[in-house]
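Novice: Chains as they are written, first to last, in numbering that gives the first Met the number 0: chain A, 0 to 562; chain B, 0 to 202.
Honestly, the hints are just simulated from the structure, not real lab data.
Don't take each hint at face value.
[Said to hold, decoys possible] Now the in silico label distances, taken between C-beta atoms and shown as ranges:
hint, chain 1, residue 1, chain 2, residue 2, range
1, B, E128, A, Q425, 36 to 44 Å
2, B, A26, A, T386, 26 to 34 Å
3, A, K390, B, V87, 12 to 20 Å
4, A, T386, B, E37, 29 to 37 Å
5, B, E37, A, V437, 21 to 29 Å
6, B, D191, A, C385, 56 to 64 Å
7, A, D532, B, V87, 38 to 46 Å
[To be verified] Partner residues aside, some chain B positions facing chain A, computed with beta carbon under 7 Å:
hint, residue
8, P58
9, Y84
10, A88
Beta carbons: idealized from backbone N, C-alpha and C, even for Gly.
Each chain is listed here by its residues.
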Amino acid sequence: MQDATQSKKQLIQELVALRQRLAACEAVDRQYQQTADALRDSEARYRALVEGSIQAISIVMQGRRVFANQAYATMFGYDSVPELLGCPVMDRIAPHDRDRLERNAAALLRGEPALTRHEYQGVKKDGTPLWIEALVAPVSFAGKTALQVTLQDITERKRAEAALTHAQAELERRVVERTAALCEANARLVQEIAERTRSEQALRVSEERWRSLVEDAPDTILEVDQRGTIRLTNRGMPGLTRAETVGTRFLDHLPGDQRPVLQHAMDQARRTSVTQYCEIPVSAPQGTVTWWSYRVSTLNRADTGNGFLIVGTDITVHKTTERALRQQDRLAAMGTLAAGIAHEINNPLGAIRLAAERARDTYTRPRATAVTRECLDDIIANTQRCTRIVKSVLDFAQQEPGDRWPADLNQIVRTAVDITRHYAEQRGACITLALEPVLPPLLVNPVAIEQVLVNLIRNAVEAGTGTVRVTICTQVVAGQPEVVIHDTGRGIAPEHQQHIFDPFYTTRHLDGGTGLGLSLTHGIITEHGGTVDITSQVGHGTTVTLRLPVAPAATGSPPDGEL
Amino acid sequence: MPTEPTVFLVDDDPEMLKAIARTVAAAGWPVQTYLSGEEFLGAYEPTQAGCTVLDVRMPRVSGLRVQATLTARHAHIPVIFITGYGEVAAAVQAMKAGAMDFLEKPFSEQMLLACIERAMAHDAEMRQEQAWRTTFATRLARLTPREREVLDLVLAGRLNKEIALHLAISQRTVELHRRRIMQKLHAESAVDLARQVLLAQSV
Chain A
0 MQDATQSKKQ
10 LIQELVALRQ
20 RLAACEAVDR
30 QYQQTADALR
40 DSEARYRALV
50 EGSIQAISIV
60 MQGRRVFANQ
70 AYATMFGYDS
80 VPELLGCPVM
90 DRIAPHDRDR
100 LERNAAALLR
110 GEPALTRHEY
120 QGVKKDGTPL
130 WIEALVAPVS
140 FAGKTALQVT
150 LQDITERKRA
160 EAALTHAQAE
170 LERRVVERTA
180 ALCEANARLV
190 QEIAERTRSE
200 QALRVSEERW
210 RSLVEDAPDT
220 ILEVDQRGTI
230 RLTNRGMPGL
240 TRAETVGTRF
250 LDHLPGDQRP
260 VLQHAMDQAR
270 RTSVTQYCEI
280 PVSAPQGTVT
290 WWSYRVSTLN
300 RADTGNGFLI
310 VGTDITVHKT
320 TERALRQQDR
330 LAAMGTLAAG
340 IAHEINNPLG
350 AIRLAAERAR
360 DTYTRPRATA
370 VTRECLDDII
380 ANTQRCTRIV
390 KSVLDFAQQE
400 PGDRWPADLN
410 QIVRTAVDIT
420 RHYAEQRGAC
430 ITLALEPVLP
440 PLLVNPVAIE
450 QVLVNLIRNA
460 VEAGTGTVRV
470 TICTQVVAGQ
480 PEVVIHDTGR
490 GIAPEHQQHI
500 FDPFYTTRHL
510 DGGTGLGLSL
520 THGIITEHGG
530 TVDITSQVGH
540 GTTVTLRLPV
550 APAATGSPPD
560 GEL
Chain B
0 MPTEPTVFLV
10 DDDPEMLKAI
20 ARTVAAAGWP
30 VQTYLSGEEF
40 LGAYEPTQAG
50 CTVLDVRMPR
60 VSGLRVQATL
70 TARHAHIPVI
80 FITGYGEVAA
90 AVQAMKAGAM
100 DFLEKPFSEQ
110 MLLACIERAM
120 AHDAEMRQEQ
130 AWRTTFATRL
140 ARLTPREREV
150 LDLVLAGRLN
160 KEIALHLAIS
170 QRTVELHRRR
180 IMQKLHAESA
190 VDLARQVLLA
200 QSV
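Same shape as in the complex, but just chain A (with noise of 0.2 Å):
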């Protein structure tokens, strides 16, 4: 039993070593345990780490994709990660990048030297491209080589760098072509300065030559302001230098009975800023007479206001031609209104031959007498009638105005239609007169009126080519007899209006207009003391107005009175 006791010790001893084996296991599998709690909580803050990433991130081995974090499959376009485990890397790689990708991962793989960052394009699980930028890195994954790749979408970034680029494209586009524009612009200017230059030298000799041409004009040239004071002269009036004539009154110059006209012709281009012509006879001392063209025009001037300017001819020459060929005018208007005349006069002149011959076989037959009668008459009437014709023609024909007497205006514009009727409706125009029924009586040469009149009822009859309407009115205004003129024609140009009156002007030279049918019409109412007034818009027609001189003893004046 010794044994017994010797075992019982044993035995106790062997439970308290036991018993401390026991702790120290606790203890080993405690100290486990907490490392293995440590290490799971360190691998959960891990694959936290990585999986809660926001960069893409992916383990690639053997090509097929055996991790990827959350972020990965968003940018891809996975709703869950478990869709992309196990499949070919290259599926979500552009075909174009393949090749470059793949043959860099072997190099990797084999840990040769490789790039480990890239970009390249990616595909979308719906196909749709993006951009990537990728790191590329081997790691041990469980226990085996793999690729860890570390992504980001860099799309907006490439966009953003292709849209700069194209900006820098662009900017640069926009220099050139502004640098050629400014270089061309440039040029310009050089040409510009270059023209400018040459047209100033131009200017230099342009204003020498008007100087040149003012000053040495044959014509005497003045400008007057608004007073009647003459501001600059190419020359000195009569008995008077240059620097003597500015500063005296233009109208001073000219003769007393004359200033009128001259005021007149002032008057009516300030009103209606049409230049005006007029003619007057100046009486030298000796007793010689010149004549004299006046052209009044308005001037505006910003440094020294409004004026006049206003030339003066000698035309003392053209006068005496004028009035040789006046003659030679008249002519020329018989000349046209020859075949009209033919036409009245030979019509009874066919009458009368007929009816003679009738008479002639008729008057000896016993029952016939009333035929011969008849024929008688019209014989008669007829010749009458080349008698009122002929009359007409002289009266056309006739020489100078002479002397004037009392007449009626009404009589004398019938007279003037009764001529012109004919003409008229030959070329299809249509004459209306409207007439004022009592008129005070003009003194004036009813025949030269009456040529004037059918002047310009032939002018308004041909200031057409379609039907020309022209109406003829006889007025009393502020105690003038006036006549006026209207017709629908195509009427006159502006820059002829100013000329209408100037001897041998004419717009008809291939119709044989000599020019000089206004110039005469002008001069017969001016003899007479009227005026001629015409007014014309282009397209609308022609007024022309006559203010003729009433009879003395219509006024209750001497024809001096006011002198």
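Chain B: place on chain A using the hints.
Specialist: For chain B alone, coordinates are given in the frame of chain A:
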């Protein structure tokens, strides 16, 4: 409108119109007078025989216009122009347009009446010819198609024998057709037949 051949006078001058009318009437021609071209054109019927005496210069519608209007209406009445003074251009135009004569006022009775005689004769001849043409056309229309064929061959100068051969009929039948044709067209001989057909074909 009178039916007998008439002289139509158109002149805007009433005195002249009266004098001419008196002269023409004294020569025995029916006369109608008009003071304007419009008046005449409004009244005249192309079937009316006679001639016209037209003044060249008239207001609105000139003599030349009246002539042109007549031509346009196929009224082939002869026209004699009278004019106040010698307008060469107008005369040339009038004659080219087929005027019979162109008289300058004042003209003598004799000249006027000679012109009118000639114009009336011309008009009568024209109208007669026109009437004959109409008659002949009616006669021609009465021929049978076979007779037309025979007529064409006769006019082409073929002998009866040739015609018979050509139409595959007996010579006797051809002779029978020929006699019928002569009867229907009132022809006296083959030469007369040819003359008539030629006249009808000429314009």
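Novice: Evaluate each hint against the coordinates.
Specialist: Taking the hints in turn, this is what the structure says about them:
1. E128(B) to Q425(A): 36 to 44 Å: 40 Å Cβ-Cβ, so the 36 to 44 Å window holds.
2. A26(B) to T386(A): 26 to 34 Å: With Cβ atoms ~31 Å apart, the hint holds.
3. K390(A) to V87(B): 12 to 20 Å: The hint (12 to 20 Å, Cβ to Cβ) is violated, given that K390(A) and V87(B) are roughly 29 Å apart.
4. T386(A) to E37(B): 29 to 37 Å: 32 Å, holds
5. E37(B) to V437(A): 21 to 29 Å: Distance hint for E37(B), V437(A) is violated at roughly 39 Å.
6. D191(B) to C385(A): 56 to 64 Å: 60 Å, holds
7. D532(A) to V87(B): 38 to 46 Å: For V87(B) against D532(A), whose Cβ atoms are near 42 Å apart, the range 38 to 46 Å holds.
8. P58: 4 Å, holds
9. Y84: 3 Å, holds
10. A88: 12 Å, violated
Against the hints set out earlier in the document, violations occur for numbers 3, 5, 10.
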